[in-house]
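**Student:** Heads up: the protein sequence lines correspond to chains A and B, in order.
Counting in the numbering used here, the first sequence runs from 1 upward without gaps.
Counting in the numbering used here, the second sequence runs from 1 upward without gaps.
FYI, nobody ran anything at the bench for these hints, they're computed from the structure.
For each residue, glycine too, the CB sits at the ideal point set by N, CA and C.
There are no misleading hints in this set.
Cross-link-like lysine to aspartate or glutamate pairs, in silico, DMTMM-like; alpha carbons within 20 Å at most: (1) B:K42 - A:E28; (2) B:K42 - A:E17; (3) B:K56 - A:D67; (4) B:K9 - A:D69; (5) B:K56 - A:E54; (6) B:K9 - A:D67; (7) B:K42 - A:D40; (8) B:K56 - A:E70; (9) A:K143 - A:E115.
Sample of chain A residues at the chain B side, in silico, Cβ under 7 Å: (10) A18; (11) R19; (12) D40; (13) T48; (14) K57; (15) G127; (16) E129.
Simulated DEER-style distance windows between Cβ atoms: (17) B:P141 - A:Q97: 50 to 60 Å; (18) B:G230 - A:H84: 55 to 65 Å; (19) A:Q2 - B:S205: 47 to 57 Å.
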Amino acid sequence: MQVSINVNGSSQAHDVEARTLLVHYLRESCGLTGTNVGCDSSSCGACTIHLNGEAVKSCTVFAAQADGDEVTTIEGLADGDTLHPMQQAFHECHALQCGYCTPGMVMAAVSLLDEEPNADEATVREGLEGNLCRCTGYHNIVKAVLSQSGGGQ
Amino acid sequence: MIPAAFDYKRAGSAEEALSLLGEYGDDAKLLAGGHSLIPLMKYRLASPAVLIDIGKVSDLSYVNDAGDHLAIGALTRHRDIEINELIGSQMPLLAAATRNVGDPQVRHRGTIGGAVAHGDPASDIPAAMLALRATMVIAGPSGEREVAADDFFSGFLETDLGDTEMLKEIRIAKVPDATYSFQKFNRRAQDWAIVGAAILVNNGSSGVGLVNMDSKPIRAAAVEAALNSGANAADAAAQAAEGVEPPADLNATVDYRQHLARVLTRRGLEEAGR
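This is chain A alone, in the form it adopts within the complex (with noise of 0.2 Å):
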C-alpha cells in the first residue's frame, strides 16, 4: 500500500507492506538510521520520534496509521548544524555514555518540556519514564533536561 508522510519537512511517499511498522519504515524506506529499534515492545523507548509534534514509541505504531501525517526524527531536530538546545544540552552535561537510548532521550525529553516547560525534577524522572538507559546514566540525562527547562533552576 502507498503512505505518504511528512518526515522532518520533507514530504515522503512509499509503497509499503501494512504490516511494515513506524521504525522500520523511518530506517528502511527513509533511509534515517537515527532511531534505534531496542526491546521492540514499546517499553524502552529507544525508537521514539515525534508524531504531530507528540513522543510516540514508532515500534508500536504502523506507517499506515500515520499516512497523511508529520513525523519528526532525531535527524530532524537541528538547524542545520546548529543542535537543537535540548542536543546541546545532552553533549554539555555528558547525557550519554553508549548512546543507544539518547535520540529516544531526546525526543522524549523536547515533546516532555514542549508539555510541562517548567518541569521540576520529579516531573522530570516521571516524565521519562518510558526511556530506559542501559549505562543508568539516568543523573545526568535528568541534569540535561533540568538545563532546558523553566523550573529547573
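Starting from the structure of chain A, add chain B where the hints point.
**Tutor:** Just chain B, lined up with the frame of chain A:
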C-alpha cells in the same frame, strides 16, 4: 518482531467502521491507538486478517458534560483525559488511573475505548470503570445499546462486544461528594500493576475495582458491602481478597497478590479519607 500480514482498511467514520465490521466480521479487529493490539500482533498472540483503523475518526474523541454524567468518546486518548479539566474536576479517579497507564508515549497514542475494549484484567482503566460504575455505549448493525461495566467484562481479554459491534462512548455518572484513590504496585515505573486498586468512597455507594486480581477486571464486592454498611478502612480492606481468584505468575504468588490487594485497598481507603 513483525506481525503476520493483514489487510489494512481505514474507516473515516463510525458508520464506515461498522459497515466494514459487517463485511469482515470476526476476521477483522478494530485498531484505535494500537497500544494493546499491536504488541499482541507482534507476539503473534493475535493475527487478524483485516485491521480496520479507526484512529482518525476524530468525532469519537471528546469529553462532554451531559448534566448528571460525563460522556467520553471511545477514541479519546489517555493524554487528553489526563489534562481534561472536566475529568480533573468531576472525575479525578479517572484522571489518576489514566496517569498510571504506561508512559507518556503510550498515553499519546492509547485510547480509553481501546483500553476498555481490550478487557485486560492487568490494565488500570477497567478497574476504574468498575469503581465508577461506567456504562458502555455500544454501536452495532441494529443501533446502539448500553451495557454496565459489570456486564461488559466477561473473561480474560473478553468483553460483551460482538464481532460486528464497536464501543462508541463511555458514560460515567458524576459523584460530586466522592473521595478517591488509585493505588498501583509494580516493580518498575512503567510496568503493569502486579496488583492495583481503584477506589471511590461515596456515602452508601462506594466502588472498588481491582487490577490483576482475577481472570477479568473485577469488583471487590465484599469491600464495597463492608464500606456501605459503615466499616472502617481496616475492616473493609481486610475483605479485599474475598471472592476473587488472582493469578500466579513470575511476579507474584496467589498469597502475595491477596496480601497486596488488602494492603493497597487499605492505603487507598485511608488516602480517600475513610
